[in-house]
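J.: One letter stands for each residue in the lines below.
There are 2 protein chains.
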Amino acid sequence: MNNVKLLDCTLRDGGYYTNWDFDKALVTEYCKAMEALPINYVEVGYRSIPLDGYLGEYFYCPEYVMKFLKMLMPSKKLVIILDEKNIREEHIDALLKPCIPYISMVRMAIDPKNFKQAITLAKKVKKMGFEVAFNVMYMSRWKEDTSFLDLLDGIDDVIDYFYMVDSFGGVLPNDIIEVLSLVKSKTNVPIGFHGHNNLEMALINTLTAMDHGCSLVDATITGMGRGAGNLKTELLLTYLESINAFHVSFTELSSLVTEFEKLKKHYEWGTNLPYMVSGILSQPQKDVMSWISKQTYPISSIITALRNKSGSIMDN
Amino acid sequence: MNNVKLLDCTLRDGGYYTNWDFDKALVTEYCKAMEALPINYVEVGYRSIPLDGYLGEYFYCPEYVMKFLKMLMPSKKLVIILDEKNIREEHIDALLKPCIPYISMVRMAIDPKNFKQAITLAKKVKKMGFEVAFNVMYMSRWKEDTSFLDLLDGIDDVIDYFYMVDSFGGVLPNDIIEVLSLVKSKTNVPIGFHGHNNLEMALINTLTAMDHGCSLVDATITGMGRGAGNLKTELLLTYLESINAFHVSFTELSSLVTEFEKLKKHYEWGTNLPYMVSGILSQPQKDVMSWISKQTYPISSIITALRNKSGSIMDN
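The listed protein sequences correspond, in order, to chains H and Y.
Counting from 1, one number per residue, gives the positions in the first sequence under the UniProt record's numbering.
Counting from 1, one number per residue, gives the positions in the second sequence under the UniProt record's numbering.
Chain H extracted, bound-state conformation (with noise of 0.2 Å):
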């Protein structure tokens, strides 16, 4: 396991809860912490042609925000996102070429039903000399539809990562071993995971992509992250110090535990009975995330209204 590498992704899937918005003295913080652990690659957010509604630092990651990161980190690689969904072409040069000097690598967000698209962009920005990664999402129905794979055949030079994306927290080990089978017949890209924990599978799902040859997996502090959470980096760190995988700086990473704890406290991210369900019936953490963060419907409401969806019956 001393190959694979590890990518921390808490300010950019944490900013769910926060609008992307943290705290100036946490991000210093963060990023000293990650220099001193065994982190390969941090992604500290979005970049994005602007969007509807306030969206905040970390969200656009303006050019000042991530020269600081880099002061902070020199160390590592770098890394930030962009939507797919959002992003064309004609918007590639602007979004990235002020991301040269800090930026190791681009990750793209992709469903795989733009897959297509999504190749065309990761060309142009393969060229701009970053590493490129594909986020792709909803690996649990993958094997409904395997098409958008074949359009891996003759990129490797592309893409440097193709991300399995656990999007429901659904997924089981087992799926994970299949799933891996079917990616692994179509490229030779090396394959990345990304867990949720609805179901408190993220650590052993990771474990089990690691032993069956993923090369790069995901994190973030205290599981922060959209809906019912990551896999939290000190729970995958302190396993992987106790294989002799890796040497941890407790240190380091207690005390930002702690300061995250504190944000966990006021914004609750984490799995519920409500998580539990919608990872059981692939149902978005989007929907869940608004209807709990309400906190006017009864948890009984908002598992009727997952499962008339997840049956196609429409809710009151």
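Worth flagging that the hints you see were computed from the coordinates, not collected in a lab.
Here a beta-carbon is modelled for each residue, glycine too, at the ideal position from N, C-alpha and C.
Worth double-checking, as some hints may not be accurate.
For each label pair, taking beta carbons as the anchor points, the in silico distance ranges come out as [claimed, not checked]:
(1) P101(H) x E178(Y): 49 to 59 Å
(2) N174(H) x K85(Y): 39 to 49 Å
(3) L55(H) x R141(Y): 49 to 59 Å
(4) T296(Y) x Y297(H): 30 to 40 Å
(5) T146(H) x N86(Y): 55 to 65 Å
(6) D211(Y) x P101(H): 45 to 55 Å
(7) S293(H) x Y297(Y): 28 to 38 Å
Fit chain Y to the supplied structure of chain H, relying on the hints for placement.
T.: Below, chain Y without anything else, positioned relative to chain H:
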């Protein structure tokens, strides 16, 4: 998996946080939900000789408590637990005779080093007509000395379930398979599994145990239980419903979860970095729980103390 039986031990194991006191309205709602859910055994508390210090209603389970519980859960098998280290043969009659009308199974918490005495006690308990379960602690250490398991020879008709307990919460699915196979080589008694959630492995460990022939598994509502807590009953049931192994009434389940979530906000059971480290290092939940509850030690000091203990260096 339809043949696997489920045991909920929320009151018994959750009592470590409430000193075994629970609000009567909450217990009533709990019992009604249990009665409606596909739970076979409900472990309601300890029976014990008087111990030092204050210990609440569900630590002693006086007859009026058992009567009240049985009235609310007429279709369930109720269970009480005896802690072998405090109980001698001469206590059994006084402790268990009042249980006869209400309690179906007596579980015994056992340190493997006291296994011989436990068998003597068990024979006496069995003669009184109870089902008997052994809750055998420290499964992560059994491989070091398997001799206690030889004492199982010839007592198939004395004990009804032999439980493997992941006391430190550090066991992984492959350990489950290995220890299960070891136990099965020594006895034909049906096997149970009680997991802990330090590494968020409680569900996958329990499913692995079920897949490999365990007959009875434990869970608690919201995972309430000593230290990092247990497998969450709602998570197990949501999963088992999704594979059509059981029918679950989500109305009762979600109302009950809502009530216990309120308690959880107050007591804050569940895993965190110190519990992860203690799980990995096979250190007792008890110590970490006491350090955390004092809220005066930074996480980094707790981790240093755990690592020193594990390496047998004395703390300052």
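J.: Okay, T296(Y) versus Y297(H) on CB: inside 30 to 40 Å?
T.: Since T296(Y) and Y297(H) have Cβ atoms about 38 Å apart, the given range 30 to 40 Å holds.
J.: Given a hinted range of 39 to 49 Å, is it respected by the beta-carbon distance of N174(H) and K85(Y)?
T.: holds (40 Å)
J.: Could you tell me whether the CB distance from L55(H) to R141(Y) stays inside 49 to 59 Å?
T.: With a Cβ separation near 52 Å, L55(H) and R141(Y) satisfy 49 to 59 Å, so the hint holds.
J.: For the hint 28 to 38 Å, verify it against the beta carbon of S293(H) and that of Y297(Y).
T.: Roughly 33 Å apart at Cβ, these two residues keep to the hinted range, so it holds.
J.: Check the following: the C-beta atoms of T146(H) and N86(Y) are separated by a distance inside 55 to 65 Å.
T.: At roughly 60 Å between Cβ atoms, N86(Y) and T146(H) fall inside 55 to 65 Å, so the hint holds.
J.: Given the hint of 49 to 59 Å, check if P101(H) and E178(Y) actually sit that far apart at their C-beta atoms.
T.: holds (51 Å)
J.: Can the suggested window of 45 to 55 Å be confirmed for the beta-carbon pair D211(Y) and P101(H)?
T.: Since the Cβ atoms of D211(Y) and P101(H) sit about 52 Å apart, the hinted range of 45 to 55 Å holds.
Violated hints are absent here; each numbered hint is respected by the structure.
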